[in-house]
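S.K.: The residues making up each chain are set out below.
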Amino acid sequence: MGWRRCRKPTNPRQSSWTTWWGQARILGRGQAITPAQEARLAVSTSRMQEALRAVHRREPNWKPTPQACETVDGLIRANEAIAREATLRALQRRLTRTGVGPYAKEWVAAPATNRRLNRTEQAEVDRIGRTYGCHWCGIKTPGTPRDHFIGDHQVPRSIGKPSRIYPHCWWCKISQGGLLSKGRY
Amino acid sequence: MSVQHMSIAPEYVSFYVAGRRNVDIPVHMNRQGIFVSEDCVNIPAYYWSDGDTHVTLGPYSEIAEARKPDSDTILNTPNQELILFDANEPQYAVAHVPSTKTRIRVWVDHPIEPSNVVIAWG
Chain A
1 MGWRRCRKPT NPRQSSWTTW WGQARILGRG QAITPAQEAR LAVSTSRMQE ALRAVHRREP
61 NWKPTPQACE TVDGLIRANE AIAREATLRA LQRRLTRTGV GPYAKEWVAA PATNRRLNRT
121 EQAEVDRIGR TYGCHWCGIK TPGTPRDHFI GDHQVPRSIG KPSRIYPHCW WCKISQGGLL
181 SKGRY
Chain B
1 MSVQHMSIAP EYVSFYVAGR RNVDIPVHMN RQGIFVSEDC VNIPAYYWSD GDTHVTLGPY
61 SEIAEARKPD SDTILNTPNQ ELILFDANEP QYAVAHVPST KTRIRVWVDH PIEPSNVVIA
121 WG
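From first to last, the protein sequence lines are chains A and B.
Our numbering applies: residue 1 is where the first sequence begins, and numbers increase by one.
Our numbering applies: residue 1 is where the second sequence begins, and numbers increase by one.
One chain only, chain B, in its complex shape:
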């Protein structure tokens, strides 16, 4: 259970966290920000042409974030895993979680185009 760091440039300016594959991605045509459903969290990212989005994924106990999370939700994780992916990339990272429902907390440094995203599970 280690913290994973990665730099990504998602073409669709967003990436997803889900507990299984083949999920419906929550989208909204009027609002901006993080969209959440029971199966998936849709997190905005930095515009791919302007730079990378730095993502940190790890257990909550090992993530040091002082402020209140920008999104706090319970996600279905039937396979006891958490997959980070986007429209083009089937898997950026996988984290193994202990239960079939996992609390996900997300911190972003900008509500629409974050360059740093921290995702904590558990």
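Isolated chain A (complex conformation):
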């Protein structure tokens, strides 16, 4: 009877972890893990693996950004971050010009509910747009009458639950809508 290996690390810099009778071993140290954490860990791991499989079907050599963690919660967050990144990448590969664009640097966290952006969030989207440009074409003028960059949900709401909002110019937004609609209905 000993420590049970639950999964392989997804990248070399992330330490493997094991669980055993309410204990998790992360970076060689045993840590208490509650049943709730164990369940969240299992869910986040399976989501991450599913997202990675989706990317690797189209891009076998793709690797997520390395994550380091020392606690169980940190490991769960790392799994979720990898799953998000892999989902975005898979979308980018599947639908050209609809995922995260080459000029994407900063983003605004997408509201948890389906609400509109408030003034602060819109100002932040505009700031990012004026600094780095539209995340797809890099243009620094939004092309809208009120000079607001358009918030682009990633992933698109029609495909999944968005986690980030990037600035989009009018032209890219319109064309993305057309591409997403094409063949769907």
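Simulated from the structure, these hints should not be mistaken for laboratory data.
C-beta atoms are modelled at their ideal positions from N, C-alpha and C, and glycine is treated no differently.
Do not rely on the hints blindly, as some may be mistaken.
Unchecked claim - Under 10 angstroms between C-beta atoms, here's a sample of chain A residues computed to sit facing chain B:
{"hint": "1", "residue": "A112"}
{"hint": "2", "residue": "L117"}
{"hint": "3", "residue": "E121"}
{"hint": "4", "residue": "V125"}
{"hint": "5", "residue": "K140"}
{"hint": "6", "residue": "T141"}
{"hint": "7", "residue": "P145"}
{"hint": "8", "residue": "R146"}
{"hint": "9", "residue": "D152"}
{"hint": "10", "residue": "W170"}
{"hint": "11", "residue": "W171"}
{"hint": "12", "residue": "I174"}
{"hint": "13", "residue": "Q176"}
{"hint": "14", "residue": "G177"}
What the hints assert, rightly or not - Among the chain A residues that face chain B by a calculated CB cut under 10 angstroms, a handful are:
{"hint": "15", "residue": "T131"}
{"hint": "16", "residue": "Y132"}
{"hint": "17", "residue": "C137"}
{"hint": "18", "residue": "R157"}
{"hint": "19", "residue": "K173"}
{"hint": "20", "residue": "G178"}
Starting from the known structure of chain A, arrange chain B on it as the hints suggest.
M.R.: Here is chain B on its own, set in the frame of chain A:
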């Protein structure tokens, strides 16, 4: 054949009118405004974060618009219906039309970000 009114907030700042599903959406990377093909009309809308776009859809005989339409085109309507949809919503409204080719006239109160759009068929 009644006039339909709706308020929508399309995420992709545009919505489409087509005679059937699974159509290619006309888009343009240099121009702004209403884009038209034989199968679909792409109409710009108000930015979703700023407010709703109010859309009126109905037969031309029941639409009271005095000025010249911003877009006037003939659309293929093989199923004798007209579908209003966008990238996220498969159907905002459906109107039944009498023939397989339908004249569509569109009025917008702003060429890029209209808050009021009137679509008349027939």
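S.K.: Report the numbers of all earlier hints that the structure fails to satisfy, in ascending order.
M.R.: 1, 5, 6, 15, 16
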